[in-house]
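Here the structure of chain Y is known, so what remains is to put chain P in place on it, guided by the hints.
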Amino acid sequence: MSGAANRRFGIAYTAGVVVLASLAAAAAGALVLLAIGASPWATYVTILTGPLQDGFGVSEILLRTVPLTLVALGIAVSFRSGILNIGAEGQIQIGILGFTAVALFLPHLPRELLLPLALVAGALGGAVWAGIAGVLRSKMGVNEILSTVMLNYIAAQIYTFLLRGPLIDPDEMISGSGTPQSMRLTKSVWLDRLFTGNRLHTGLVLALVLAFLTWLVLWRTTFGYRLRAAGAEAKAARYAGIHVERSLVAAMVIAGGFAGLAGAVEVAGVHHRAIEAISGGYGFAGIVVALFGGLHPAGIVPAAVFFGLLLVGADMTQRSAGVPANMVLVLQGVIILAIVSARMVIANPYAKQRALDAARRWGFFRDEKATEGGT
Amino acid sequence: MSGVQFLHDVLVLGVPFSVALLLAALGENFNQRAGVFNLGCEGIMSMGAFLAFLPPWLARSGGHSTFATLAGLALALGIGALLGLLFGLVTVTFKAPQGIAGIGLQMLGWGVAGTIARHYVGGVTGVEGIPNWNVPFLSDIPFIGTVLFRHSPLVYLAFALVPASWWLLFRTPWGLRVRAAGTQPRAADSMGVNVQRTRYQALALGGAMAGLGGAYLSLCQAKMFADDLVAGRGFIAVALVYFGRWSPFGIMGGALLFSLAQALQLAIQVAGIKFPYELAVMLPYVMVIVVLSLAGKSRMLGPTALGKPFDREMRV
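Just so you know, the sequences run in chain order Y and P. Everything in the first sequence is counted per the numbering used here, starting at 1 for the first residue and increasing by one. Everything in the second sequence is counted per the numbering used here, starting at 1 for the first residue and increasing by one.
Accuracy of the hints is not assured; some may be wrong.
[Unchecked claim] FRET-style restraints, in silico, Cβ to Cβ:
no.	chain 1	residue 1	chain 2	residue 2	range
1	P	L70	Y	F223	58 to 66 Å
2	Y	G10	P	P276	52 to 60 Å
3	Y	E245	P	L294	13 to 21 Å
4	Y	M140	P	Y277	46 to 54 Å
5	P	T66	Y	M140	43 to 51 Å
6	Y	G3	P	L294	51 to 59 Å
Hints listed in this document are in silico derivations from the structure and should not be mistaken for laboratory results. Quick caveat, the model's predicted, so the values are computed rather than measured. C-beta: ideal position from N, C-alpha, C; glycine also.
In isolation and in its complexed conformation, chain Y is listed as follows:
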């Protein structure tokens, strides 16, 4: 087959698979919406356009872009390195604890010292928590998906235990309401707002800078090359002298650091105290963002904006149309299934060949110089 025709078919094939996968995902979501008596079209329109009606909606999208980008960058590093980090949710919580602890116990330090210190403590918290799973995988062969899921449940319990007990706001004890949250943190750990009138904060800049740095490290340094090699072909990497086990732990620590930082930034930028339901599922949404962004920083940032839109839009449909916000989980689930399927189908030369044969049979694709069986 001639090169140009081959490329033309390749593009058509990729586009076709992507369209089919998107339609399948949208249809699956629509089925669930129909089951609860909501109009799929109206709901999708509200989710996708509702938040874009005014500047505040856009700022809310970008506000959610910050943790989504940070978490997804970490997950991309881990996936690229051949270790699946499902534990971002727990790493976010441990990160929040690290940040909050530093802010609570050293409130008199100057801002220039305290804020970086607290953010680093948050990242460290997440890194240590993820590192457990990394070490268990490389030393004991423990499946990291299972261990990170379990560490999520454990982190959630530690988090509520500390917020109900040792870290609880003394005012909550006095007033007797007992809401599990820490006291309001000192102003010197608050991130500055970018604009007046909305909640968008400088964490956005931090996330963008880190996205660039992640690209730089993964694609322009030996260290990043080692990580990606260990993930792409562990055996070959090992023959090439790369310490694969060490790479796995390093990747996991980086992933956890990003998630922990996401939690810290969320507290510093938005809530200014550790509250109980702080994450709002960013840990799981980050997995979808990372996959949707092709595990590449340049894709992750727009993907995070898109999922920020979905999250804000889902909140709006909950208020306006009574569609439960759990609907976001449904969409995330079908999007994951659609992406992983589509990627494999696109990469599968046999499936592509079959599609080409079918296209020829049905007369959609005419290639005058076709040779037998070649792709």
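Just chain P, lined up with the frame of chain Y:
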């Protein structure tokens, strides 16, 4: 309280606790024996729990409770099998990586159950559920009777499924095909076994059993439904398959060990020994990690092709 009484209380609590884990893990074992690592188990259990709960909840004032309960069980089995087949489409036909696809299925099942439940059911609402059935004569034996023979019929079914699963896997042609598909798919293929079809069958069966495990939670154990009812039991079930070294009896041992630890923790709290509630709740999850570390690297007797998609056209 005497020691015997305490032991008795722990066992009476612990035996039924193990059932949801046992059903789901026995099902997951079929998946893994066929070479598919189905982490979506958690999502399937959520859907099973919700759909089993739905008919009895809708019929709560109608008086057709037996019929509604049976309909619920059938729905749970059906949705489980269906989601198993969906996972097959994604991982067997499209050959998507199983770990991440499983997380997708988990979110999907969890999300759908939560969305529909919140819309129709609202907050936490109970159902009558399946009443306990005392086995005649056996339930009158002191100690053993109350521990083993005064439970929901699903408890007896789950324990009966342990030898049944073993028999199916190790004493039938289908079981041989399943194990071949999960150990040497290429050899199985060359002997005329349809590896993909076998994996689909195992996924449907495993999914149905996970759905039934979910149904047990909503109809027998909790007798209600909430978003977070399953609470990681699907993931624990997957871990139990490793722990049980892919043997139904090993899995049963693991499920009992877990649920007895949980029952012990509850009994200690009931006995008035104070320690933080949250630390007690995290105990089973810590145990999973410890157990997985001990189960460790040895893949002895396990399905060697676990997690690997099979493509008969692909050269190796």
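Structure-inconsistent hints, enumerated in ascending order: 4
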